[in-house]
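Novice: Letter by letter, the chains look like this.
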Amino acid sequence: MSAAPPATGNPTVAPEPGQCPEQHPMDCLSKLENQSIYILREAFNKFENLAMLWSIGKDSTVLLWLARKAFFGHVPFPLVHVDTTYKIPSMIEYRDQLVKDWKLQLVVGKNEPVLKSGVTFPNGKATRVECCGTLKKDGLKQVLDKHHFTGVIVGVRRDEEPTRAKERYFSPRDKNMEWNVEDQPPELWDQFKTDFAKGTHIRIHPLLHWTELNVWEYIERENIPVIPLYFANENGQRYRSLGCAPCTMPIKSNAKNVRQIIEELRQTRTPERAGRAQDKESEDAFEKLRRDGYM
Amino acid sequence: MSSPNGSLAPTEQLKIVIVGHVDHGKSTFVGRLFHDTGSLPEGKLEQLQGIAERRGVPFEWANLMDALQSERDQNITIDTAQIWFQTKKRQYVIIDAPGHKEFLKNMITGAANAEAALLLIDAHEGVQENSRRHGYLLNLLGIRQIAVLVNKMDLENYSQAKFDQIEAEYRTWLRTIGVEPTVFVPIAAKQGDNIASQSPNMAWWQGPTVLQTLDNFKMSELPKNQPLRFPIQDIYRFDERRILAGRVESGSIKVGDRIVFSPSNKTSTVKTIERWNAPASDSAAAGESIGITLTEQIFVTRGAIAAREFAPPFELSSFKARLFWLGKQPFAKGKLYKLKLASQEVECQIEAIERVIDASTLETVSRKQNELFVGRYEVAELTLHTKAPIAFDVHTDIVPTGRFVIVDGFDVAGGGIVAADNYPRRTHDSHTKSNNIYWSHGKVTLQQRELRNGHCGYVLWMTGLSSAGKSTIATELERELFNLGRQAYVLDGDNIRHGLGADLGFSPKDRAENIRRVGQVAKLFADAGIICITAFISPYRADRDLARQVMPEGRFIEVFVNAPLEVCEKRDPKGLYAKARAKQIKDFTGISAPYEAPSNPDVELRTDQLTPAECVAQLLEYLHIHASDTAISI
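One line per chain: the protein sequences are A and B, in this order.
Read in my numbering, the first sequence has 63 at position 63, and its numbers run on one by one without any break.
Read in my numbering, the second sequence has 125 at position 125, and its numbers run on one by one without any break.
Derived from the structure by calculation, the hints contain no laboratory data.
Please note that the accuracy of each hint is not assured.
[Said to hold, decoys possible] Taking lysine-lysine pairs in the DSSO-like style, the calculated list, with each CA pair at most 27 Å apart, reads:
1) K137/A - K198/A
2) K110/A - K162/B
3) K88/B - K146/A
4) K586/B - K103/A
Turn these sequences into a full structure, and let the hints steer you where they fit.
Specialist: See the structure below:
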């Protein structure tokens, strides 16, 4: 062998006869879709106790749709909804309707002790970040512990927020759910981290490479039902990102349907999570939440 | 961060990685590129300037990408990040990769996902260790389009001579590793020179700006015109169909194609191409995640690679490779590792190390004969040996099945590509399953065993719901046969799960594996001349068919132990139905998991209408008839 990395191979493989001559380049959305399906199938094969987080928002609903693509109309694992009880009420109605229509297995997690104690942001007894920490992060941990989930599929995307831009498709969390962001596993050629120590778990991010715009374009292409909170109401307001009612603000918009949202996003330069108040409590508020195990 | 989307729908997307030595200005360049193309989200610049002011430090463009607090504190990039932007021509995913040697695994993570690269060199510092190492690794990772940006030209008075000197030096080095860069561009990232527009400070430069360089890159094409490689990711049983799921890695596949699975070497024909909520099509090409069904049900598991019979991959247990190592522990001879290639996983070890290379100098690392290992960040040419044969291709022929990673403990610790060599190729009519596994025949023949026993071996396969009476009948029959002087043995579901199947659960996949093992063990018992009675729920038709397939014709007797679910649930001697109803047991056949009744069993026993003794009598009668053509009948 020479020093040059690409060894000039003997062309032992003959070109194959009988292939379709007409080959259209695969469009961008189909590429994203095929990659996500591949990741979901890897996760399903590799994890005995697998669950998918479903926040009822557009991303995890697209993820749910992709799961049905990957498993030919089935969703062969339970969905976990971490319910803070402060969600916008119509989100719960929409959730329960889809569970019925698509025959889904739903596990609802609530941090009952904290809810009972009332130490939450809306009660004025906790900061927004503390409230996210207990109701969402600890709420999630309780569900994972109870059901012994070792793989959790989450619909985060790299373009949402800069620390998420550094994520892996298969991202390990230690016993305390902490994310060791300075020492993440290498991830190459679609070979993922599927070996892990007992007590740790892996977050799987099949939507990581999608943008907000891609998500809406895909919703349009596939005609996926999304919660109407995303569409502008008669006051000219819509939600761009969904969370708890006290910490999520609607944006000014006239986009009344999916097509109009796509047009709006193509023009905007405002970040997606601009309406999410907890991100702004300090310079690294979101990074800290994520290191500690937040979604 | 929001994607500034322009007004065009993204029809094509190109992934670009930014690499180069530490502090040669990669993150700064990305920040400036985004600013100059109007791609920054609203308020982002002001926010970053505000942060810098509060901390009393100068504003840095790099802070756009260096999102981690520890990165901003130290002014370095630790991990790779990705952001999006759009030109008139197409959408770009920009992958920023760290330049420190200790973050090489993050650089590789970023670069392995890219289709083209921009490599930055500081005009003042010139070509450095990681300029060379990254160039070498880009090539090893399979990135063929590389543009070199000579940065910080302002520090060298925008001197053409300096630029020419760096270009000459680096181009020479790249040539030694067989790389021809697409272009060298002089830039000053901090000031925006030659980023989005021609720099007035370098009138001598007639070449493209960075933006033009990006748009000049070609889209990488999916390998549709190569031989078919369809690695099986998983096997699903949905809606009465057995679907082989996977992604077509190269070539194309269509209904009616005769395909061979490597390394098991079994063949079948594509019956359907499966997709959900997509336009129906009888074919699929590289890049598509699909499912297929087969006309003949053969036993295939994850890892098998489907190919056309006339162009299969190699199937060997040793091959030559070029490898990079990232692990904290060295890659050492004599130690076992896990190798992952496409969806195959197999134990491997180093057979021989040809040489270990320092990728920044191309020099051979000298090491004593008794210290055979590849150290962290080193590159090596070596021969790997796998415990079982694996299917692979040479990287220069077919990329996706010509590269692999090595797992040490829980971690991916290295990666590599399969180098060319004179590998023996299996012809499509050869029947040996691999180069070194054969079925070995002993010196006692089946006929001799049958003469000694007075009967031949059988598999009596009892299937039915829990509490249908399988074990009761099986044990009664075993005692009856024993009393008649026959060799008989029961393989019982619960007993097998204590040992042989102790590692398995009750998912469809684990059930399939459990039944596969039982089928194989039963076959060995029958081969030893024993009447092997199996008592397993075995709910899936396909699994039972596989157990039948491994047996000679007529020696597999499927017995449907049939009682209605209500009857079984009423019996419930172990209280399992009650637990399943209370959701304390999941995937319980009949309650929360399906039972596929045999469509054409050899014997059906209605245990709600017959006593166990009557059932045993019926089986003995069946065996008697069935065995009449053998030496001595029962």
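Novice: Holds or violated: K586/B with K103/A, Cα cutoff 27 Å?
Specialist: With Cα atoms ~17 Å apart, K586/B and K103/A stay inside 27 Å; holds.
Novice: Taking 27 Å as the top limit, are the C-alpha atoms of K110/A and K162/B close enough?
Specialist: Measuring from Cα to Cα gives roughly 64 Å; hence the hint is violated.
Novice: For a C-alpha distance cap of 27 Å, please report whether K137/A and K198/A respect it.
Specialist: Given that 27 Å is the threshold and the Cα spacing comes to 20 Å, the pair holds.
Novice: Is it true that the CA of K88/B sits at most 27 Å from the CA of K146/A?
Specialist: Violated: K88/B and K146/A sit about 51 Å apart, past 27 Å.
Checked against the numbered hints above, the structure breaks hints 2, 3 and satisfies the rest.
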